[in-house]
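Colleague: Given these sequences and hints, build the entire structure.
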Amino acid sequence: SVLSRYENQITILSDYLEEFPETDEPVWILGRQHHLNADKSKLLLDISARLWFTYRRKFSPIGGTGPSSDAGWGCMLRCGQMMLAQALICRHLGRDWQWEKHKKQPEEYHRILRCFLDRKDCCYSIHQMAQMGVGEGKSIGEWFGPNTVAQVLKKLALFDEWNSLAVYVSMDNTVVIEDIKKMCWSPPQSSSTSHSSAHWHRSALGRSKNTGGLCTGWKPLLLIIPLRLGINHINPVYIDAFKECFKMPQSLGALGGKPNNAYYFIGFLGNELIYLDPHTTQSFVDSEENGTVDDESFHCQEAPHRMKIMNLDPSVALGFFCKEECDFDNWCSLVQKVRVGTWHLNLF
1 SVLSRYENQI TILSDYLEEF PETDEPVWIL GRQHHLNADK SKLLLDISAR
51 LWFTYRRKFS PIGGTGPSSD AGWGCMLRCG QMMLAQALIC RHLGRDWQWE
101 KHKKQPEEYH RILRCFLDRK DCCYSIHQMA QMGVGEGKSI GEWFGPNTVA
151 QVLKKLALFD EWNSLAVYVS MDNTVVIEDI KKMCWSPPQS SSTSHSSAHW
201 HRSALGRSKN TGGLCTGWKP LLLIIPLRLG INHINPVYID AFKECFKMPQ
251 SLGALGGKPN NAYYFIGFLG NELIYLDPHT TQSFVDSEEN GTVDDESFHC
301 QEAPHRMKIM NLDPSVALGF FCKEECDFDN WCSLVQKVRV GTWHLNLF
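Under UniProt numbering, the letters of the sequence shown match residues 1 to 348, in that order.
Please note that the accuracy of each hint is not assured.
As the list claims (entries may be wrong) - Label pairs and their in silico Cβ distance ranges: (1) 231 x 174: 18 to 24 angstroms; (2) 57 x 137: 23 to 29 angstroms; (3) 290 x 310: 47 to 53 angstroms; (4) 303 x 57: 23 to 29 angstroms; (5) 141 x 337: 39 to 45 angstroms; (6) 332 x 142: 33 to 39 angstroms.
Derived from the structure by calculation, the hints contain no laboratory data. Cβ coordinates follow ideal geometry from the N, Cα and C atoms, glycine included.
Modeller: This is the structure we're talking about:
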């Protein structure tokens with residue numbers, strides 16, 4: 001059957017293992033180094049603290065008459081949500097914040113979660129992302145690639161007053177430092193300069209938000225870099241440089257996987273990538289009257305999935321978060337030291 005073929009494909013591609021092997025090699029997770037022989041539980045706690053967004057069912061139909069589940073098509077949107085959620089956690093709670101089941105969490109945590117609930121009035125919901133994708137040439141229910149989901153997040157962030165992120169999506173493997181600094185230090189666009197995009201957003205979001213006022217200081221930066229690490233298959237020459245990106249303290253991991261089969265990659269061990277898998281269908285969860293969210297289904301509490309880097313599709317999108325300008329300056333310095341193969345070429 002189609003389902004059994006799909007499940008077999010997942011098994012083959014994911015190379016899923018219950019336990020990590022006994023090894024002296026370090027495990028890197030979003031800029032943090034872990035040693036399995038010293039404290040495996042600390043590693044698993046770090047992974048389970050990441051917000052895990054999966055397929056959901058029984059939410060209100062997208063656009064009023066569209067699908068009420070994203071099973072089968074929403075995996076890259078869910079991965080984009082996971083990357084953005086990690087940026088928001090770093091922004092409000094810090095990279096070293098940890099989640100524990102049944103432990104009371106700060107209001108900022110629940111507010112972050114509410115940004116991603118499957119409701120049309122939540123700023124980064126599956127509803128908003130799918131409808132914003134129409135402007136990128138994607139029909140509702142159509143699969144997104146890494147670049148498309150990056151462009152959608154960039155557009156939606158313009159109307160997110162609370163988080164006030166600057167989202168930069170690189171083009172043609174190029175990061176223009178001057179453009180980023182100008183974007184992060186400049187005030188919001190006036191309504192006259194952004195009239196056309198604001199008009200589109202009103203129809204997609206159902207309302208338009210004016211950020212108003214001037215920016216004070218550096219706007220936290222979400223930097224997304226779509227890359228192609230080969231033609232039909234990943235070129236081995238890129239592997240070491242790709243892995244170095246997960247070591248950077250600014251790392252938000254990577255979006256990628258296989259065509260029509262997306263994963264959120266958060267780290268690596270040797271030549272295996274560690275990822276969160278959105279291909280589980282859970283029921284819609286709403287917030288409580290007091291604003292809290294029953295969050296247990298938003299954290300993966302099992303051993304994470306792994307796959308060999310060479311099984312990765314060459315089309316990926318790297319993510320980085322720079323809360324302050326000094327974080328971005330440090331990132332620029334680190335990136336300039338990352339070389340591809342023995343040719344002394346930059347990854348981007």
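Colleague: Could you check the structure against the hints above and give me the numbers of any it violates, in ascending order?
Modeller: Failing hints: none at all.
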